[in-house]
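S.K.: So you can see what is in the structure, the chains are spelled out below.
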Amino acid sequence: GAGVSQTPSNKVTEKGKYVELRCDPISGHTALYWYRQSLGQGPEFLIYFQGTGAADDSGLPNDRFFAVRPEGSVSTLKIQRTERGDSAVYLCASSPRAGDVPFPQYFGPGTRLTVL
Amino acid sequence: AQRVTQPEKLLSVFKGAPVELKCNYSYSGSPELFWYVQYSRQRLQLLLRHISRESIKGFTADLNKGETSFHLKKPFAQEEDSAMYYCALGVYSGAGSYQLTFGKGTKLSVIP
Numbered sequence: 001g002a003g004v005s006q007t008p009s010n011k012v013t014e015k016g017k018y019v020e021l022r023c024d025p026i027s028g029h030t031a032l033y034w035y036r037q038s039l040g041q042g043p044e045f046l047i048y049f050q051g052t053g054a055a056d057d058s059g060l061p062n063d064r065f066f067a068v069r070p071e072g073s074v075s076t077l078k079i080q081r082t083e084r085g086d087s088a089v090y091l092c093a094s095s096p097r098a099g100d101v102p103f104p105q106y107f108g109p110g111t112r113l114t115v116l
Numbered sequence: 001a002q003r004v005t006q007p008e009k010l011l012s013v014f015k016g017a018p019v020e021l022k023c024n025y026s027y028s029g030s031p032e033l034f035w036y037v038q039y040s041r042q043r044l045q046l047l048l049r050h051i052s053r054e055s056i057k058g059f060t061a062d063l064n065k066g067e068t069s070f071h072l073k074k075p076f077a078q079e080e081d082s083a084m085y086y087c088a089l090g091v092y093s094g095a096g097s098y099q100l101t102f103g104k105g106t107k108l109s110v111i112p
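Same order as they appear, the protein sequences are chains P and W. Under the working numbering, the first residue of the first sequence carries the number 1, and numbering increases by one thereafter. Under the working numbering, the first residue of the second sequence carries the number 1, and numbering increases by one thereafter.
Read the hints as simulated data drawn from the structure, not as lab findings. Treat the hints with caution; some may be incorrect.
[Unchecked claim] Distance windows between CB atoms, simulated:
hint	chain 1	residue 1	chain 2	residue 2	range
1	W	ILE51	P	ALA55	17 to 25 Å
2	P	SER5	W	ILE51	26 to 34 Å
3	W	GLY66	P	VAL74	24 to 32 Å
4	W	LEU46	P	ALA55	38 to 46 Å
5	P	THR114	W	GLU54	36 to 44 Å
6	P	GLU83	W	PHE14	38 to 46 Å
[To be verified] Pairs of lysine-lysine residues, derived as DSSO-like cross-links and limited to a Cα-Cα distance of at most 27 Å, are as follows:
hint	chain 1	residue 1	chain 2	residue 2
7	W	LYS104	W	LYS73
8	W	LYS107	W	LYS22
9	W	LYS15	W	LYS65
10	W	LYS73	P	LYS11
11	P	LYS78	W	LYS107
12	W	LYS73	W	LYS15
13	W	LYS15	W	LYS107
14	W	LYS107	P	LYS11
15	W	LYS57	W	LYS104
By construction, the Cβ of each residue, glycine as well, lies at the ideal position given by its N, Cα and C atoms.
Next up, chain P with everything else stripped away, as it sits in the complex (with noise of 0.2 Å):
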């Protein structure tokens, strides 16, 4: 079947404006989560829904990352007031439900973002 998928692929925006990054779980799958991977690093957690409510967005960085996904299934990433910082791959996985079970999370291929 499909895996997650993402787009755009590649984003490049100019520092000061806003963006929207999309993501597309695999279907059925209730748990959904973002994660930005700079250069050089591994993944860090963003923000994570069980159904259509964001349970935890303990990883966003400021209220400038914001993140919906209002009919439980696809979720998109927004950014307001782009900085430089923000160049990163964000990345965006689903799971069956995060519960007892440490179901695997599958990961989509990315968005790069390039803040000019």
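The hints should help you fit chain W onto chain P, whose structure is shown.
M.R.: What follows is chain W alone, placed relative to chain P:
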């Protein structure tokens, strides 16, 4: 807070030689450890997890709680093993989520 350390950024071995990718973690609770792999131009994918105690593509990893390590091993490296390897620690947060904390990764290069 939890932390994962992969001390080697790059590891080069000859084909047929043994491989060991090091991973150490710090976490006060009961750890759940994973190895993820990223081949060139492919997405990050799960290689193995300690609770499964399985061998995938000839790789194994044993959780050593005394040494807080989860090293990845393979007795005979193959060229197709060349990739970026990430060790990750899974933690349940108070908010009910299950976060993965990743190390910085080790690039494995297998020399023909």
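S.K.: Give a verdict on every hint.
M.R.: Do the hints match the structure? See the list:
1. ILE51(W) / ALA55(P): 17 to 25 Å: Cβ of ILE51(W) to Cβ of ALA55(P): about 23 Å, so the range 17 to 25 Å holds.
2. SER5(P) / ILE51(W): 26 to 34 Å: holds, 28 Å
3. GLY66(W) / VAL74(P): 24 to 32 Å: Violated, since GLY66(W) and VAL74(P) (Cβ atoms, about 45 Å apart) do not stay within the stated range.
4. LEU46(W) / ALA55(P): 38 to 46 Å: violated, 22 Å
5. THR114(P) / GLU54(W): 36 to 44 Å: holds, 39 Å
6. GLU83(P) / PHE14(W): 38 to 46 Å: Hint holds: Cβ distance 44 Å, inside 38 to 46 Å.
7. LYS104(W) / LYS73(W): holds, 18 Å
8. LYS107(W) / LYS22(W): holds, 12 Å
9. LYS15(W) / LYS65(W): violated, 31 Å
10. LYS73(W) / LYS11(P): Answer violated: LYS73(W) to LYS11(P) is near 37 Å, above 27 Å.
11. LYS78(P) / LYS107(W): Violated: LYS78(P) and LYS107(W) sit about 31 Å apart, past 27 Å.
12. LYS73(W) / LYS15(W): Given pair LYS73(W), LYS15(W) holds - Cα atoms ~14 Å apart, limit 27 Å.
13. LYS15(W) / LYS107(W): holds, 15 Å
14. LYS107(W) / LYS11(P): holds, 26 Å
15. LYS57(W) / LYS104(W): Roughly 22 Å between the alpha carbons, so the hint for LYS57(W) and LYS104(W) holds.
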